[in-house]
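S.K.: Chains as they are written, first to last, in this note's numbering: chain A, 37 to 388; chain B, 37 to 388; chain C, 37 to 388; chain D, 37 to 388.
Heads up, a few of these hints could be off.
If chains are identical, the list can't say which one is meant, so a pair holds when it fits in one copy or spans any two.
To be verified - In the SDA-like style, the derived pairs of lysine to any residue whose C-alpha atoms are separated by at most 20 Å in a straight line are:
1. K41 - D193
2. K41 - G335
3. K80 - G65
4. K41 - S385
For the record, the hints were derived by calculation from the structure and aren't laboratory data.
All values derive from a computational prediction rather than experimental measurement.
Number of protein chains: 4
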Amino acid sequence: MATGKDFSSDTAAPAHPRILEALIAANEGNAPSYGDDRWTARLKECMSELFGREVWTFPVLTGTAANAIALATITPPYGAVLCHEAAHILVDECGGAELLSGGARLYPLAGAGGRIDPAPVEALCARLVANGFHNHQPAALSLTQGTESGTIYAIEDLKRLIAPARARGMRIHMDGARLANAVARLGCSPAATTADAGVDVLSFGATKNGATGAEAVVFFNGALAERAIFLQKRAGHVPSKMRFLSAQLLAMLDAGLWLESARAANDMARRLADGLAEIGLAPHWSVEINEVFLTLSRGAAGRLRAAGFQFLSWGPEGETGVGLYRFVTSYATEARDVDQLLGALRSASPLE
Amino acid sequence: MATGKDFSSDTAAPAHPRILEALIAANEGNAPSYGDDRWTARLKECMSELFGREVWTFPVLTGTAANAIALATITPPYGAVLCHEAAHILVDECGGAELLSGGARLYPLAGAGGRIDPAPVEALCARLVANGFHNHQPAALSLTQGTESGTIYAIEDLKRLIAPARARGMRIHMDGARLANAVARLGCSPAATTADAGVDVLSFGATKNGATGAEAVVFFNGALAERAIFLQKRAGHVPSKMRFLSAQLLAMLDAGLWLESARAANDMARRLADGLAEIGLAPHWSVEINEVFLTLSRGAAGRLRAAGFQFLSWGPEGETGVGLYRFVTSYATEARDVDQLLGALRSASPLE
Amino acid sequence: MATGKDFSSDTAAPAHPRILEALIAANEGNAPSYGDDRWTARLKECMSELFGREVWTFPVLTGTAANAIALATITPPYGAVLCHEAAHILVDECGGAELLSGGARLYPLAGAGGRIDPAPVEALCARLVANGFHNHQPAALSLTQGTESGTIYAIEDLKRLIAPARARGMRIHMDGARLANAVARLGCSPAATTADAGVDVLSFGATKNGATGAEAVVFFNGALAERAIFLQKRAGHVPSKMRFLSAQLLAMLDAGLWLESARAANDMARRLADGLAEIGLAPHWSVEINEVFLTLSRGAAGRLRAAGFQFLSWGPEGETGVGLYRFVTSYATEARDVDQLLGALRSASPLE
Amino acid sequence: MATGKDFSSDTAAPAHPRILEALIAANEGNAPSYGDDRWTARLKECMSELFGREVWTFPVLTGTAANAIALATITPPYGAVLCHEAAHILVDECGGAELLSGGARLYPLAGAGGRIDPAPVEALCARLVANGFHNHQPAALSLTQGTESGTIYAIEDLKRLIAPARARGMRIHMDGARLANAVARLGCSPAATTADAGVDVLSFGATKNGATGAEAVVFFNGALAERAIFLQKRAGHVPSKMRFLSAQLLAMLDAGLWLESARAANDMARRLADGLAEIGLAPHWSVEINEVFLTLSRGAAGRLRAAGFQFLSWGPEGETGVGLYRFVTSYATEARDVDQLLGALRSASPLE
């Protein structure tokens with residue numbers, strides 16, 4: 037497999053062959069509908085093993101669904117959800133969290149490299165609490181691990197954000213659309229950067245990592261999970277043939293495919309970053325998972341696109357015609373894909 | 037393939053082999069995300085051909101999603117959605133339509149065999165209009181074709197319901213989770229029982245008919261479709277790898293698989309009904325698609341279940357211990373499955 | 037004061053002179069905004085005295101607001117709220133409860149004279165629970181005391197409805213828009229027909245009873261009250277000059293004005309009913325508070341209206357041209373108003 | 037009348053005597069309920085005269101209600117509402133606009149003195165449009181006239197903001213809680229700073245200006261107004277005795293009371309600002325209506341409060357112990373109240 041010149045997103049990649057095999061294997065005869073099947077039951081077991089404690093799992097099709105369901109279980113309609121200003125829930129989900137929570141408001145927080153700074157969290161919470169019922173009250177902190185900027189939170193950084201929020205009675209959500217990439221990079225246990233760090237509910241991603249479309253809402257707290265199935269159902273996210281979601285998630289966990297895929301993607305981004313260093317180009321943010329952000333001139337970006345490469349503009353182009361661009365690798369990216377891009381960058385006069 | 041003793045639901049059936057083949061075929065290299073892929077573009081073309089006019093298509097995972105998105109495009113938050121008292125949107129979707137419409141209210145209407153009677157529609161609308169802003173105003177009529185009772189609306193019956201509703205300015209939704217079964221039975225064109233009958237927006241089902249999970253919201257009116265993608269997105273129903281939904285829907289339309297599957301399911305229900313007649317048992321409602329409703333004694337139902345058969349209780353058991361039970365066939369049901377059930381019914385003393 | 041020929045509603049009556057005096061008295065100098073004033077603090081005290089226990093009070097302008105806030109505190113978005121099919125929350129509030137609860141569904145229940153029958157409550161709850169997450173789950177029972185049909189629940193009847201609902205974990209709301217009329221009629225303590233009967237949260241009406249516009253949400257359970265102020269605020273129901281609502285409610289409680297007004301209204305309805313008996317006309321439902329429902333021919337209703345009388349049609353006119361009409365008295369209705377109506381009825385050939 | 041040492045808010049002031057007289061005058065006999073009364077009809081006429089064109093008016097109790105209803109008529113659930121980062125709708129209404137619109141998102145914009153800068157409006161809109169259905173789409177621009185910082189928009193400034201927004205198809209809302217103060221200051225016609233400047237729907241404030249509680253949603257576009265009554269009703273904001281809101285608004289318009297009151301409030305703020313200049317203190321923002329913002333040391337603020345003065349902290353106190361404080365005058369503030377405050381400030385060593 038190879039992704040050629042497409043660095044637009046890890047969601048553009050095809051499904052991993054073992055995922056398709058799992059779909060085929062799950063297609064054996066009739067099975068109970070709406071999650072009463074054995075794949076879905078098994079998923080709870082496997083996830084519990086993975087995290088070293090009992091967890092409650094709810095498979096869904098999309099990350100937006102996972103995030104919205106997770107957040108709606110931990111915030112009232114008048115709750116404030118604090119997140120990074122580049123968080124997917126804020127800028128790429130068209131209000132999914134607001135819809136399912138019935139009105140919670142997302143409060144954007146700044147922070148370099150996609151990581152929230154602790155100081156503004158406290159300042160914002162203090163302001164909201166001081167204003168009482170006149171505005172939303174701090175309810176949830178949503179952290180993205182790995183971040184939208186291709187970085188990760190060190191476990192200590194997570195704890196530094198989470199501890200004061202929990203002390204305020206807030207609940208912690210983690211958007212783990214790229215959790216696998218973060219765990220692969222950290223080399224820690226899955227629990228270390230989630231439940232052990234104080235996360236209450238996790239959006240466990242698989243789609244960007246090789247599924248055709250499958251994510252799981254994972255609760256580390258059974259009481260919070262009680263409302264989940266109702267929220268999932270009314271949002272249209274309980275498929276009758278749920279086995280086809282659960283089977284994909286099981287395949288991901290089987291023999292460590294999720295980490296194997298993530299490592300492959302991370303490695304290709306690392307290869308890209310190393311090659312860039314040789315050309316003398318520095319990524320905008322530290323390359324820690326499978327995303328590389330580059331500052332390019334408008335002209336260079338155009339030349340790369342003309343040569344067939346695909347990648348996204350990230351934020352508005354500056355007045356000088358220089359902008360930030362995102363290149364994403366996936367489990368399916370191959371070394372030759374990266375080398376081809378490096379070759380093109382080398383000859384593209386990136387800043388002219 | 038065979039479904040053995042499982043008559044619980046057509047959603048319990050596995051996916052059709054040609055659906056899995058389509059998934060595998062769609063897994064070729066990278067493809068643009070979020071519906072910008074060629075399968076999704078092709079789907080609009082194929083559906084337009086199918087209905088003989090330009091249509092606008094939005095693939096989603098579940099029928100609940102399709103119904104909620106469809107209804108939310110045709111009703112304001114203070115709109116009344118009229119539907120049968122057994123409609124899936126009313127009794128099996130946990131408020132999906134209310135959620136996505138922001139507050140529309142479903143008004144249940146009676147009618148034998150799952151079909152709405154025209155008279156109460158007018159009476160209800162007149163009452164709502166007379167009460168003005170004090171309550172919801174008539175906005176949408178939602179019809180299920182084939183119905184939840186295993187029957188179909190004759191095209192003339194549809195028109196008799198739709199014409200006065202349209203004259204009031206209402207919009208028409210059709211829940212076509214089993215549209216294929218209805219079209220197969222009617223022997224009409226797909227347009228005849230939808231767009232030509234006055235339907236504005238259709239939930240086109242494929243999951244019950246052999247997909248792993250794929251439905252399409254189909255608009256016959258482009259203006260109504262404009263809001264759909266936003267509603268779909270905020271509900272978390274725009275998968276990044278949408279090609280895997282679209283490819284299933286394309287496979288369904290390819291070489292008439294959707295009608296072939298539906299006909300197979302209908303035929304098995306017909307076989308069951310014919311066999312029942314021989315035993316002297318009459319289904320509760322006319323068997324017109326792939327569902328058979330039987331009146332059984334509690335004892336008989338228990339004996340069948342003890343023998344391994346699966347089927348649902350339909351409504352509360354009466355005081356006399358006699359209740360209504362639903363048996364559903366699917367494309368995967370085989371003649372021997374039906375005959376086995378008939379054999380068991382014959383010896384089960386159904387009313388004792 | 038007199039209401040002349042207007043029997044349309046107790047909301048058509050002017051404010052009681054003592055209410056206006058209270059407004060004037062409350063207009064002394066500056067006062068803290070948004071409920072931090074001494075009238076609002078005093079209201080909690082007076083209501084606590086009235087009900088013989090600590091209660092939590094939230095003044096609002098309208099009954100719709102009171103009902104929506106009350107219900108939103110006791111039902112999740114996927115909760116079922118059971119109410120009479122003639123309940124104000126169902127037919128006259130345009131979805132206020134659905135809006136503020138974020139999607140709870142109102143389930144109408146039949147019952148003669150505006151009173152819910154116990155049997156269908158259990159049947160409905162059992163059905164909803166059996167269907168699990170596929171539909172709304174029993175969350176609240178909403179009772180109207182006095183009812184929309186001009187009757188009251190006997191305290192034993194209330195308990196018969198409330199006990200099994202509470203046993204299911206449901207919460208109990210009482211729409212007391214005409215609570216004063218019911219208490220006046222029952223001759224019981226205010227607590228007897230509310231908190232002592234198992235009610236969790238009460239909409240305490242004053243507008244129909246002589247305020248310019250003031251109601252209170254009264255919680256008998258402090259834990260439930262915690263969310264109320266946020267729901268009230270986001271619905272725009274925390275006025276900056278709240279003292280003008282609280283002062284009206286205080287005036288109502290002062291020296292028993294609320295019962296005095298209600299008794300006056302009830303007495304006039306009684307006078308009307310007694311007069312009808314003399315003419316040989318029987319009200320459709322027992323006249324227990326301040327509403328009289330009469331069966332009249334269309335012609336008679338027209339003749340009364342031509343003579344200047346105002347009253348509402350109640351439900352659709354039957355095919356025979358005979359319909360049900362509602363006549364409401366208020367604290368401001370005088371004996372001569374009633375006698376004038378009786379005179380007109382006597383000569384109007386009510387059924388011809 | 038006098039407000040003594042209370043500069044906390046214009047909402048702390050009592051009602052104007054002419055407002056109470058109007059309430060008493062409106063209390064004559066029965067009147068039709070829910071806005072069918074003659075006061076409400078007359079209000080539409082008077083407001084139409086005031087603005088020199090037909091307008092559609094909806095009286096409500098609170099500014100939060102007016103803003104939420106107004107915004108909900110001009111934005112879909114996936115619409116972006118752009119407003120100043122200090123806008124009341126954003127920071128003081130607990131999500132009212134989100135609730136009633138069913139999910140619109142408020143996007144805060146910076147700008148000195150409470151006035152939005154034009155440049156970021158365009159940048160934000162361009163970004164939202166570029167991201168398509170992945171996020172909210174520009175729907176409404178909400179402007180506050182006079183602003184939360186005690187300033188006003190010059191009419192040319194309004195047009196500079198409004199023209200490009202309208203060119204994008206956005207609708208314009210004006211929060212006119214202090215419109216009277218702005219019009220009094222501008223010396224323009226009411227239409228000049230609203231309809232003629234391109235405003236579609238206005239929240240016309242009266243509460244801060246001397247009502248007990250009354251605001252009006254005023255539409256300059258009849259088509260937009262059609263949905264308003266339904267939104268108003270479902271939010272519980274159609275009082276049965278609406279005459280008591282409408283009568284207050286009529287009294288405000290009668291003989292120019294609204295401008296007379298606003299001028300009185302503005303004059304007292306001017307007196308305060310002039311006195312501050314004499315002491316050598318400069319307000320933080322230009323004093324253009326009835327609010328004065330002062331930079332004070334924590335110690336000075338404490339000393340003033342110890343002396344009985346009331347005023348709000350505005351934003352968090354800086355690290356140096358110096359903060360911003362708001363002093364508001366109202367129609368009821370008298371010269372001696374201001375002089376008393378000036379005397380205290382003179383002796384309070386404001387920055388020590």
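S.K.: Take the hints in turn and mark each one as holding or not.
M.R.: Structure-based check of all given hints:
1. K41 - D193: Neither, since 35 Å and 48 Å both go past 20 Å.
2. K41 - G335: within (18 Å within a copy, 64 Å between copies)
3. K80 - G65: neither (22 Å within a copy, 31 Å between copies)
4. K41 - S385: Close inside one copy (18 Å), not across copies (68 Å); limit 20 Å.
Hints 1, 3 from the earlier list are contradicted by this structure; the remaining hints agree with it.
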